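Take the sequences, apply the hints, and build the full model.
There are 4 protein chains.
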Amino acid sequence: MSTIGIGLIGTGFMGKCHALAYGAAKAVFGDIPTPRLELLCETPADKAATMAEQFGFARSTDDWHVLINDPAVDIVCVTTPNKLHAEIAIAALAAGKHVHCEKPMALTLDEAEAMARAAEAAKGKTIVGYNYIRNPAFQHARRLIAEGAIGRVIHFRGFVDEDYQADPDLPWTWRATKAEAGLGALGDLGCHMISMAVELMGPIRSVIGDIRTVHAMRPSPDDGTHKPVENEDIASAIVEFANGVQGLFSTSRSAWGRKNRMAVEVHGAQGMICFDQERMNELQLYQNSGDKAMQGFRTIMTGPVHEPYGHFVPASGHQLGFNDLKTIEAAAFLRAIAGGAEAYPSFQQALQFERVIHAIATSDGQRVML
Amino acid sequence: MSTIGIGLIGTGFMGKCHALAYGAAKAVFGDIPTPRLELLCETPADKAATMAEQFGFARSTDDWHVLINDPAVDIVCVTTPNKLHAEIAIAALAAGKHVHCEKPMALTLDEAEAMARAAEAAKGKTIVGYNYIRNPAFQHARRLIAEGAIGRVIHFRGFVDEDYQADPDLPWTWRATKAEAGLGALGDLGCHMISMAVELMGPIRSVIGDIRTVHAMRPSPDDGTHKPVENEDIASAIVEFANGVQGLFSTSRSAWGRKNRMAVEVHGAQGMICFDQERMNELQLYQNSGDKAMQGFRTIMTGPVHEPYGHFVPASGHQLGFNDLKTIEAAAFLRAIAGGAEAYPSFQQALQFERVIHAIATSDGQRVML
Amino acid sequence: MSTIGIGLIGTGFMGKCHALAYGAAKAVFGDIPTPRLELLCETPADKAATMAEQFGFARSTDDWHVLINDPAVDIVCVTTPNKLHAEIAIAALAAGKHVHCEKPMALTLDEAEAMARAAEAAKGKTIVGYNYIRNPAFQHARRLIAEGAIGRVIHFRGFVDEDYQADPDLPWTWRATKAEAGLGALGDLGCHMISMAVELMGPIRSVIGDIRTVHAMRPSPDDGTHKPVENEDIASAIVEFANGVQGLFSTSRSAWGRKNRMAVEVHGAQGMICFDQERMNELQLYQNSGDKAMQGFRTIMTGPVHEPYGHFVPASGHQLGFNDLKTIEAAAFLRAIAGGAEAYPSFQQALQFERVIHAIATSDGQRVML
Amino acid sequence: MSTIGIGLIGTGFMGKCHALAYGAAKAVFGDIPTPRLELLCETPADKAATMAEQFGFARSTDDWHVLINDPAVDIVCVTTPNKLHAEIAIAALAAGKHVHCEKPMALTLDEAEAMARAAEAAKGKTIVGYNYIRNPAFQHARRLIAEGAIGRVIHFRGFVDEDYQADPDLPWTWRATKAEAGLGALGDLGCHMISMAVELMGPIRSVIGDIRTVHAMRPSPDDGTHKPVENEDIASAIVEFANGVQGLFSTSRSAWGRKNRMAVEVHGAQGMICFDQERMNELQLYQNSGDKAMQGFRTIMTGPVHEPYGHFVPASGHQLGFNDLKTIEAAAFLRAIAGGAEAYPSFQQALQFERVIHAIATSDGQRVML
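Protein chains in written order, with UniProt numbering: chain A, 1 to 370; chain B, 1 to 370; chain C, 1 to 370; chain D, 1 to 370.
Since the hints were derived computationally from the structure, they do not count as laboratory data.
As the structure is a prediction and not an experimental result, all values here were calculated from the model.
Keep in mind that a hint or two might mislead.
[Said to hold, decoys possible] With a Cα cut of at most 25 Å, we get these calculated BS3-like pairs of lysine-lysine:
1) C:K83 - C:K178
2) A:K47 - A:K83
3) A:K123 - A:K178
4) A:K83 - A:K227
5) C:K292 - A:K292
6) B:K292 - D:K47
The following block contains the structure:
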């Protein structure tokens, strides 16, 4: 198997995460194509060079156009601010590259649709960074549901909460603008919930949404004034899945104490499964079976029996971390590319998640069909 | 202080709970009027006599008309099947009694309104059995919110789940009919959530609800046929409180593994409070204050500092149980009667809870103003 | 079945608990002899009268000699300060009464042995107030172990922690003296752990103990001086049960944050059971059976299938409280008396627990055979 | 800063962990010397070559003597079976290398002492792989204790439990022999507890230990016979720290359901801290301060304020995993080497942990001074 050249654009939170993931994937999994950390793009140029050395990339550039046209680059990782995703991803596809883009796809649904069309037309593969669905605990939930461990699914609840915008005294930033950030909590957090819900429940047919900006003004960092927050802090929705089941979503970026809560409850006719990313190595399972006096929610700790945990650690309960999920995602993309298969979720598939969050954002209490 | 005669109608789950509560209240609290277990009504008469002996009532009858007209009875406790609440409660008020009625008030909103009108016109006091709001842990939450411990309230979520109708093979019963049971999960469970939400957040202005019967048919106990379930297993709603805050409700009587989950999250601008009745002696509090490195949700175990816990046990963490909540409620009613004040929630006040659950039941995805 | 007259000595923490328990037992259980709250003893006489009215006792006295000789009293409940237990209990037995004595039995092992000898010689039944072993969750643990749910037992750990003596600035009291209080944490808390360990594991053969007074001096409430603490704040022991299994105990009355932690772990060859009184309605069970990918500790919430929970509430997960455990204990004593059987633990049986705590107290790191 | 050549011996559980750690350390931390994955040793040679390619090492060998004498190798990572640690580590030190050795140091105390003497005499630095003390949550506990967050420390409890030898039907292996494995649970697990206890509490002065082999015979994989287990499944000890505080330890390799429980409780005069590696991104803290009605254990989730968490992820609660701890350890060793300082724990320092576990193993209920 020849190596696959990685070009990474961005060195922030997600840029580092991608660098670590592609750096570790071969050592972790063994039976995947070998990624080669080829070219890193950042500005200015000296920062690009420094970060390339730190991240272990062979070369650096301060121009993403150079990166997407570099013949040694096979995969373009797009971890820039969200507003640049569409332009770069579409250009990279046009340049014949595979594209690994962070979520959300874009600021607007129009842009996301353009990305999906570009992917449709391109020969390169695409994947969007919905890393949480890679968690062995979460995949175990998916398998258990699919295998009937909780019987017919009858209800779903999902919550994604953080507190990075909880403090009313936090200064106003670009995050507060539709032009720079697009959606608020729905774009940052809610789309993850959609990806998780769809993974467990299948597509969503309709939504009734209600969004709130609870910190309507924030202090400007520049002067003594306050500036308006244009996007939502909190969004809730009652949804219906294509299978007819009712679902309930809520997400907040202003939920004090929640650091990475991504909690799902799947109610079945014979049991229940609960998962919370804040305890990402655990799964809660209740089954209506056996002696009633011994029934209870059980806390399953992930281990080698829960693929692909064992590639990281051969002992149960020793725990994966956040960055390991991206390693699993990177390995999946490398495998898809080598095998000629589609990766999941491609731009076309992830577009469905975007449609849901934008429908919630615009519903205003009315049912929106998808 | 003279004694107050108790007449209890019903000896089931709630009947026993009332008997224990009025039996213990004086010993627990001391500074309340002494209740006198005067007359118990059950059918047939010999069962009434047996249960009177067991529960410590002085006399028994098999005719509730006799009970509500007995001059030694001051308070009539109505713990019959829900469909009898309205008739008995209205008659008892007409007979000049105080009435302690279990929830929900009645099968229909019309009946509940008639009860409220009767209470309005009567000289007797009324109270509806919303026992969960009596929990010292829950009342501590209310006080903390009122005192600003989590700042301005910005979001609410509430869930009430049990699994007594989770098994699809459970036989069809009267519970499945509108005529005998009225609402489903909303009547049994959801009304508790409304009482708790209002206690913490104030009145509800509007709801958008969606209800589901997930086990549409149940096997008839009589023959091999299946009969339809007429009321909801699951109900969800997006609500708006009168203070403008968004709330989210969901309740299920078919939630495997949930035995008495009554979970609330109150999101504030400076913190969060969470409570779950399944761990009824604990409260979760997060505050954005002090050293960031030491912030976290704290688990507060109730103790004598959380009134009226100390009347039951003088040591923290020793825990109250379900029946103790009814004792607190009974004591509150006895105090109200002796002091001439209204008890909470009176029929008129509890009617508001009924209005909310009926609005959710009939919303069908449309916003309903209350 | 005729009634059984209760004479209660003491109206403090445990006195109230006994009053509530004997007051509720008949209503809760039905099929037990009816206790009659006959005579209450407290000093001074007016307090005795007031408390008799509050607790529902027919008469009062300020002289315990009067109480133990009253012909209408069948059971004498001894809830006085511990230093009076021996004298009163022995006198009550001599007067032909049944005796329900709170734990620990006495300040010294000599006194406890005298009590056991008196019980041996008397016709009255005896019971010591080890209420925690009455918990349905705990009894479920006992049954599961006995039935082999976790296979052969191989290891035990038990902890009893509270924080009522955690604050170093708490004033010196009689609790700090051997003469008034006897043992420290071992007498207040540790004896409960022994009762729980023996219930699950059988008798204890040997102990190696180590005790510590970590707050050696406490401020005198009377003057500016500090006075010595004569008994232990913390005690730990490695024990061996008669079945050859190693056990580990530790108890502290100075464990900040622990309000009523009574945590046991029973390690078996095929599973593990954990229980903590601070979540007294839950039991943790792990079994090595079935699909490895689905194994985990399950949280069993107690319900009607766990006897005698259902006598209190017919619905699972609604929860018993601390006082309910004493009600179960009182009912057991009433049944034993009516049926002519011994109650558990009798003075003779509870003496074994006393022997263990005194052996730990005096071991000083040496193995002591029991 | 020039690069530092890594030579890794072994490719099992810990070998992979070291490969990932040295592979990621530079990308994670930036400001450390750059490790260069130079030479990998495994047998046979073709496996060595395959694993070198997977792990990203430049070259491979099947002879550890070659590796320790290779001039491009600066650090020798010893992740072989424990019985080879001493010989290889001593030879590597003699060859002038720095040595990163996994725990336990050796099978016998004699060997460990020889290693410490070799380290004393060598110019190379040494470190032993006590990775759990690197956890930001655990280090936060250490800092909180040092800063007085819980006041004077008065008691310690520590438990290390897994279930990899819980099944009595597991076949007999070399793990069961003193000759191949040395100690049992104490060597595999207990030494970690000692490292954690010493990190929080300082040195240990004396131990009273008791060990048990609860599965005395195991089925031979070769024939139908059973063969004896020579080392302990369970070990418990009462210890005294040099500061005079009592501690309690217990470890089991046969504790069903425990996957990586490393639980510590540190009791202080003003609070308590609890940590459990099975929830390695959380810390429990109780402080006796502020309003009594609001006190409770708080669950602190680690984040960027808890160094060096932020080097991995800039967002709180996103969680580190097991392998990340080794990355922190590797970075610490690289820094020590570059800076000329000693790393912790060196062979000499880790020898103290070995002394404690061997003292527990041989105590037989007698106090052993250290």
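**OP:** If any of the earlier hints don't hold here, list their numbers in rising order.
**Re:** Numbers 3 and 6, in rising order.
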